[in-house]
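Listed below are the residues making up each chain.
Number of protein chains: 2
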Amino acid sequence: MVQIVPVIMSGGSGTRLWPLSRTASPKQLHALVSEMTLVQETVMRVTGSEGDYVFTPPVIILNESQHELASRQLDALGVAPSHYVVEPFGRNTAAVAAVAAEVVEDTYGADALVLLLPADHHIRDVAAFRRAIAAGAELAAAGHIITFGIAPDRPETGYGYILRGEPVGEGYGVSAFKEKPDRARAEAFLADGRYYWNAGIFMFGAAAAKDEMARYCPQVLDASADAVRLAVREGAKVLLDGGALQDCPSISFDYAVMERTDRAAVVPADIGWSDVGSWNALWEIAGKDGDGNVARGDVEFVDTRNSYALSDGCKLGVVGMTDVVVVATADAVLVVDRSASQEVKTVVERLKAQDRTDLL
Amino acid sequence: MVQIVPVIMSGGSGTRLWPLSRTASPKQLHALVSEMTLVQETVMRVTGSEGDYVFTPPVIILNESQHELASRQLDALGVAPSHYVVEPFGRNTAAVAAVAAEVVEDTYGADALVLLLPADHHIRDVAAFRRAIAAGAELAAAGHIITFGIAPDRPETGYGYILRGEPVGEGYGVSAFKEKPDRARAEAFLADGRYYWNAGIFMFGAAAAKDEMARYCPQVLDASADAVRLAVREGAKVLLDGGALQDCPSISFDYAVMERTDRAAVVPADIGWSDVGSWNALWEIAGKDGDGNVARGDVEFVDTRNSYALSDGCKLGVVGMTDVVVVATADAVLVVDRSASQEVKTVVERLKAQDRTDLL
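Protein chains in written order, with our numbering: chain A, 60 to 419; chain B, 60 to 419.
Bear in mind the hints are in silico, worked out from the structure with no lab data behind them.
No experiment lies behind these values; they were computed from the predicted model shown.
Do not rely on the hints blindly, as some may be mistaken.
[Claimed, not checked] Dumping the calculated DSSO-like pairs for lysine-lysine here, alpha-carbon to alpha-carbon at most 27 angstroms: (1) K347/A <-> K404/B; (2) K347/A <-> K404/A; (3) K269/B <-> K347/B; (4) K404/A <-> K404/B.
[As the list claims (entries may be wrong)] If the Cβ cut is set under 7 angstroms, some of the chain B residues that face chain A in the computed set are: (5) V377; (6) V378; (7) V392.
[What the hints assert, rightly or not] Computed footprint of chain B on chain A; a stretch qualifies when at least three of its residues, placed anywhere within it, have a C-beta under 8 angstroms from a C-beta of chain B: (8) 162-175; (9) 250-261.
Even for Gly, the Cβ is constructed at its ideal location relative to N, Cα and C.
In isolation and in its complexed conformation, chain A is listed as follows:
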């Protein structure tokens, strides 16, 4: 059986779900959709075997401030990652892919497959997701570098798009990567039918990725290899060397490799995917009551429709409202119209300008 090593990218500290998501407890460490946190859900999706493939224990990549909470959450599930790779600072996804390839090759050999997964996504149809992984693994084992494509169901302007090329196995070659489009182009992409959202989920053989990185972004590869080689190890914890990592360009894996290599392939994944990118996205994927409301925590809705309320402690009363999101934490409360969910970043920017690190 071929081994697939899930490498979970858990280092983000997204601000779009403020005030719940904070630097030290970012969204992937919160139970937002189910009783499990997003990182717990991510890990539990890739266990056991699928077809001819077997999942190894995961590798978790994160930063120091998240390490304790994340490891406690995985301990609680009885999951023992082979490595917690701690980044002293973020260096974007190309560095993450390079570090992943190094660690996986060291541990499982050059033929092991790396499955690079963001820790903060929600996937509704796990069975379909695992079938897509198996399809991708076949192509990855044949030397391709895989990205998974989500068929768009709306003219989203917040994601990059992938234009598929000719069929290859259960996927397609990649004709082109497209930056986030404007509305008109997004509508054209949606109508065309050959475009997918780029979900930021990748799969590759460790050696194949290193080959391509040596060709297209050798500085990233070298600096990342040094950061792993010089890392301080302590049990499962691998503290990457900051000096080495400082020499690593901060660049995305898409830009550094995927848009350049002729080994790119896209595997369509009809999996009920969401990047949980806003409070409104969370309302959309959540189970609702008969009034279209979602309540998490100690919430009373009165004469309220199509709203989302989350309290992590206090009593929350929502009266006579429509289409509102209310999030109450111990030290901050957010009230936002669902249609303005993206503007939460304005509050976060103001807090940064006010140096309110206690709230970030």
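Please build the complex by placing chain B on the supplied structure of chain A, with the hints as guidance.
For chain B alone, kept in the frame of chain A given last:
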């Protein structure tokens, strides 16, 4: 100079301003409009002298759970009430008026004038208010029992109305008291021009009120007099006797006396009055920024209009909203459309049903 004794009715525990207003810290003990609490504002309105009249130190009527906080607030202003009359339980405003008449007569003699003031109202034009008091005092000194009438500026269905009669001094006789009307009647009252809102502010000579109560509600007067006579006194504190008070019918001063006596008079008071009866009322009377917003505490408004936000500690972000009220306390948060402000009581009723006394 004739003495006017302000008797401040501070015993209420209104739930319409939940979650700020609670049993032990009701709305009159919060700084809602200015930097002063409503009871502080109420006391400071009736100091010094006005025309031929001089205000004595106030008498405060309240319940035990509010005594400590209220006395601290008045101490902070350097105000020393002559009495804190503590009700072991509420017995409505007829009993309050009777107790006030007894205490004032005991202290200042039968000719002293009692000015009975709710502690939880806001009055914008204090000079006009004081002029109305002086006009009322002249009538009260002549034996009338005065209620102050607010000229309606909208067809309000939440207040009782007074139909004025023939002119008497600077006021009018009372033709009729009208219960809270339905919308059509409220509109007719507004159009008529002879109707006033009954603001629940009364003025009378101590002896005159006792005469009328002896005639129209002798049980109230007797029980109240006993409650004062048997009270436990401790410095300025007068703890009314519960046993005596239990024999007192619970009835309003309007119903017990004003609607029956031929000594009733109404003095119009164009004073910018509000009973601060809902969060929307508070938004209406507050100073607003250019977007029509009111912020109290640590609030960030983003793309928000005509809204009210109050935080008593945490950071509050309000994004993309219109016509919303948000109130955040340490243990409870309320979000309500301004037009639904009266429905806050539904949340409070649910909390009662759930026996959540910690939140009430």
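Hint check results:
{"no.": "1", "hint": "K347/A <-> K404/B", "verdict": "25 angstroms, holds"}
{"no.": "2", "hint": "K347/A <-> K404/A", "verdict": "26 angstroms, holds"}
{"no.": "3", "hint": "K269/B <-> K347/B", "verdict": "45 angstroms, violated"}
{"no.": "4", "hint": "K404/A <-> K404/B", "verdict": "34 angstroms, violated"}
{"no.": "5", "hint": "V377", "verdict": "5 angstroms, holds"}
{"no.": "6", "hint": "V378", "verdict": "4 angstroms, holds"}
{"no.": "7", "hint": "V392", "verdict": "5 angstroms, holds"}
{"no.": "8", "hint": "162-175", "verdict": "violated (count 0)"}
{"no.": "9", "hint": "250-261", "verdict": "violated (count 0)"}
Checked against the numbered hints above, the structure breaks hints 3, 4, 8, 9 and satisfies the rest.
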